[in-house]
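Here the protein sequences come in this chain order: Y and R. The first sequence begins at 1 in our numbering and counts up one residue at a time. The second sequence begins at 1 in our numbering and counts up one residue at a time.
A portion of the hints provided could be inaccurate.
Said to hold, decoys possible - Distance condition first, Cα-Cα at most 20 Å in a straight line; then the derived SDA-like pairs of lysine to any residue:
hint: 1; chain 1: Y; residue 1: K37; chain 2: R; residue 2: M45
hint: 2; chain 1: Y; residue 1: K42; chain 2: R; residue 2: P109
hint: 3; chain 1: R; residue 1: K41; chain 2: Y; residue 2: Q6
hint: 4; chain 1: Y; residue 1: K42; chain 2: R; residue 2: N102
hint: 5; chain 1: Y; residue 1: K42; chain 2: R; residue 2: R10
hint: 6; chain 1: R; residue 1: K64; chain 2: Y; residue 2: R98
hint: 7; chain 1: R; residue 1: K55; chain 2: Y; residue 2: R99
hint: 8; chain 1: R; residue 1: K41; chain 2: Y; residue 2: S105
hint: 9; chain 1: Y; residue 1: K42; chain 2: R; residue 2: E104
hint: 10; chain 1: Y; residue 1: K22; chain 2: R; residue 2: Q42
hint: 11; chain 1: Y; residue 1: K42; chain 2: R; residue 2: R24
hint: 12; chain 1: Y; residue 1: K37; chain 2: R; residue 2: K41
Worth flagging that the hints you see were computed from the coordinates, not collected in a lab.
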Amino acid sequence: GENVEQHPSTLSVQEGDSAVIKCTYSDSASNYFPWYKQELGKGPQLIIDIRSNVGEKKDQRIAVTLNKTAKHFSLHITETQPEDSAVYFCAASRGTGRRALTFGSGTRLQVQP
Amino acid sequence: GAVVSQHPSRVICKSGTSVKIECRSLDFQATTMFWYRQFPKQSLMLMATSNEGSKATYEQGVEKDKFLINHASLTLSTLTVTSAHPEDSSFYICSARAGQGNYEQYFGPGTRLTVT
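So that you can see chain Y by itself, here it is in the shape it has in the complex (with noise of 0.2 Å):
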């Protein structure tokens, strides 16, 4: 089955820095990759994700990167707020209809205000 790595397990940044989550995974034939971000008490919220056929996909402050060939994908967080602040989980699953996703470990990532 699939099998995937996140790091780093905490990260702190200054308020306006950058904060990049990577991760592995390990099954060559997983072709979606979301990033959720969850806070205390709540369910994962969904914030970016990308598709095998696309090496990086943006979405204002948030970005995402995929190495197909390396088999590993990352976050990216340019001008970090306080409200970023959460546990960050990457994802890998073989596609559509039944196939559930693998999680990574999860990153919890503190802005220092």
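Go by the hints and put chain R onto chain Y.
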């Protein structure tokens, strides 16, 4: 759009009793729903996958007779924890995918179960 709700948000029950958690897709039809469990400071672990009108598929190590899943309609799935014990205390989260051809999964707000 793509809103998933869960009820209740919190529940406390006594050991040996059963608890039902509902998961609803509010603005789309969910052909597939997933149930996850999350322990404090840990990642989400998939428990089971359910498709409307068919039996759920459980992950290895998840007791299907203890965690009963019913996906009765395209907008509702339920998880019943039977004969709950303190070790079943956890954060249970459902997610839903709209249609066979869609990739995105949208998560509910979660249900905090405490078994005393």
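We went through each hint and held it up to the structure:
Between K37 of chain Y and M45 of chain R the alpha-carbon distance is near 16 Å, which keeps this suggested pair within the 20 Å criterion. Annotation: proposed proximity of K42 of chain Y to P109 of chain R holds, straight-line Cα distance about 5 Å (limit 20 Å). For the suggested pair K41 of chain R and Q6 of chain Y, the alpha carbons sit about 14 Å apart, so the restraint of at most 20 Å is met. Distance restraint check for K42 of chain Y and N102 of chain R: the Cα-Cα separation of roughly 24 Å exceeds the 20 Å cut-off, and the hinted pair is therefore not satisfied.
Note on K42 of chain Y and R10 of chain R: the hinted pairing holds, with a Cα-Cα distance of about 11 Å set against a maximum of 20 Å. Between K64 of chain R and R98 of chain Y the alpha-carbon distance is near 18 Å, which keeps this suggested pair within the 20 Å criterion. For the proposed pair K55 of chain R and R99 of chain Y, the alpha carbon gap of about 15 Å is at most 20 Å, so the pair holds. Of the pairs offered as hints, the one joining K41 of chain R and S105 of chain Y holds, with about 9 Å between alpha carbons and a cut-off of 20 Å not exceeded.
Only pairs whose Cα atoms come within 20 Å are accepted, and K42 of chain Y paired with E104 of chain R is accepted, the gap being roughly 18 Å. Of the supplied pair hints, the one linking K22 of chain Y and Q42 of chain R holds, its CA atoms being roughly 17 Å apart against a limit of 20 Å. Between the alpha carbons of K42 of chain Y and R24 of chain R the distance comes to roughly 16 Å, so the proposed pair stays at or under 20 Å and holds. In summary, the hint linking K37 of chain Y to K41 of chain R is supported, as the alpha carbons are separated by about 14 Å, within the 20 Å threshold.
Hint violations for this structure: number 4 only, all remaining hints satisfied.
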